[in-house]
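Full structure from sequences and hints, please.
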Amino acid sequence: MMDALTALMTRVSPARLLPDPVDDAALQQVLLAGVRAPDHGRLRPWKFLVIRGEARTRLGEVLAQALQQRDPGASEGQLRSERDKPLRAPVIVVVAAAIQPAHKIPEIEQVESAAAAAQNMLLAAHALGMGGFWRTGAPAYDNHVKAALGLKPGDEIVGLLYIGRVQTAGPAPAADVSGVVEEWRGPAASSA
Numbered sequence: 007m008m009d010a011l012t013a014l015m016t017r018v019s020p021a022r023l024l025p026d027p028v029d030d031a032a033l034q035q036v037l038l039a040g041v042r043a044p045d046h047g048r049l050r051p052w053k054f055l056v057i058r059g060e061a062r063t064r065l066g067e068v069l070a071q072a073l074q075q076r077d078p079g080a081s082e083g084q085l086r087s088e089r090d091k092p093l094r095a096p097v098i099v100v101v102a103a104a105i106q107p108a109h110k111i112p113e114i115e116q117v118e119s120a121a122a123a124a125q126n127m128l129l130a131a132h133a134l135g136m137g138g139f140w141r142t143g144a145p146a147y148d149n150h151v152k153a154a155l156g157l158k159p160g161d162e163i164v165g166l167l168y169i170g171r172v173q174t175a176g177p178a179p180a181a182d183v184s185g186v187v188e189e190w191r192g193p194a195a196s197s198a
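Heads up: the sequence shown is residues 7 to 198, going by the working numbering.
I should point out that these hints are in silico values taken from the structure, not numbers from a laboratory. Just so it is clear, the structure is predicted and the values come from calculations on it, not from any experiment. Among the clues, some could well be false.
[As the list claims (entries may be wrong)] When the alpha-carbon atoms are kept at most 20 Å apart in a straight line, the in silico SDA-like pairs for lysine to any residue are as follows:
(1) Lys53 with Leu37
(2) Lys91 with Ser19
(3) Lys91 with Pro27
(4) Lys53 with Ala153
(5) Lys91 with His46
(6) Lys91 with Lys158
(7) Lys158 with Val56
(8) Lys158 with Pro27
(9) Lys91 with Leu155
(10) Lys158 with Ile105
(11) Lys53 with Gln74
(12) Lys91 with Gln106
(13) Lys91 with Gln71
(14) Lys91 with Ala61
(15) Lys53 with Ala43
(16) Lys158 with Gln71
(17) Lys91 with Ala108
(18) Lys91 with Ala154
(19) Lys158 with Leu93
(20) Lys110 with Gly160
(21) Lys158 with Pro107
(22) Lys158 with Ala146
(23) Lys158 with His109
(24) Lys91 with Arg171
(25) Lys91 with Gly160
(26) Lys110 with Leu37
(27) Lys53 with His150
(28) Lys91 with Trp140
(29) Lys53 with Gln75
(30) Lys158 with Glu118
(31) Lys91 with His150
(32) Lys53 with Arg171
(33) Lys110 with Arg50
[Said to hold, decoys possible] Here are the simulated distance ranges between beta carbons:
(34) Met8 with Arg76: 37 to 45 Å
(35) Ser87 with Leu14: 28 to 36 Å
(36) Ile114 with Gln75: 21 to 29 Å
(37) Gly47 with Ala21: 33 to 41 Å
Don't be surprised by glycine CBs; every beta carbon is placed ideally from N, CA and C.
Here is the structure:
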């Protein structure tokens, strides 16, 4: 297994994943990495839904139904594309924030914690020799999809993580912080 810094600096979203099953022990490690995410207030605001096997086909039907509700004019090709999405990986982990409204921990921090959990899982998969990519799009915000997955309307899907063995992946782009890092030295002086 690679060290943490190597995993951070070399992880990429692979172009393709192999259909080979993911080892249960490896998947367990990926999920355990998720629950190590920063968690203000120790709320554990995460819900991880593991989808594999025939459940992927059922998820595809849910995605197609949701698309048809959003766009009654969707073509058969568009519906087929939605049905096929879950078949791109042997395992999908739906990462959701099970929001606790009116809690002293703001809802945005609960969502951020779930997003950190998703990133931890992608890094763990990479460190274990697998690949993963994170998808959202309209299904992540669709109440039909949430209900079909057993989520509450106030819960937030932060991502669908597609995990499996890597078929093709390009090299990690060069790390470059130019343009995104500035040194702040205090508020600008007022000209008043």
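### Query
Which numbered hints are broken by the structure, listed smallest first?
5, 6, 8, 11, 12, 17, 19, 25, 26, 29, 32
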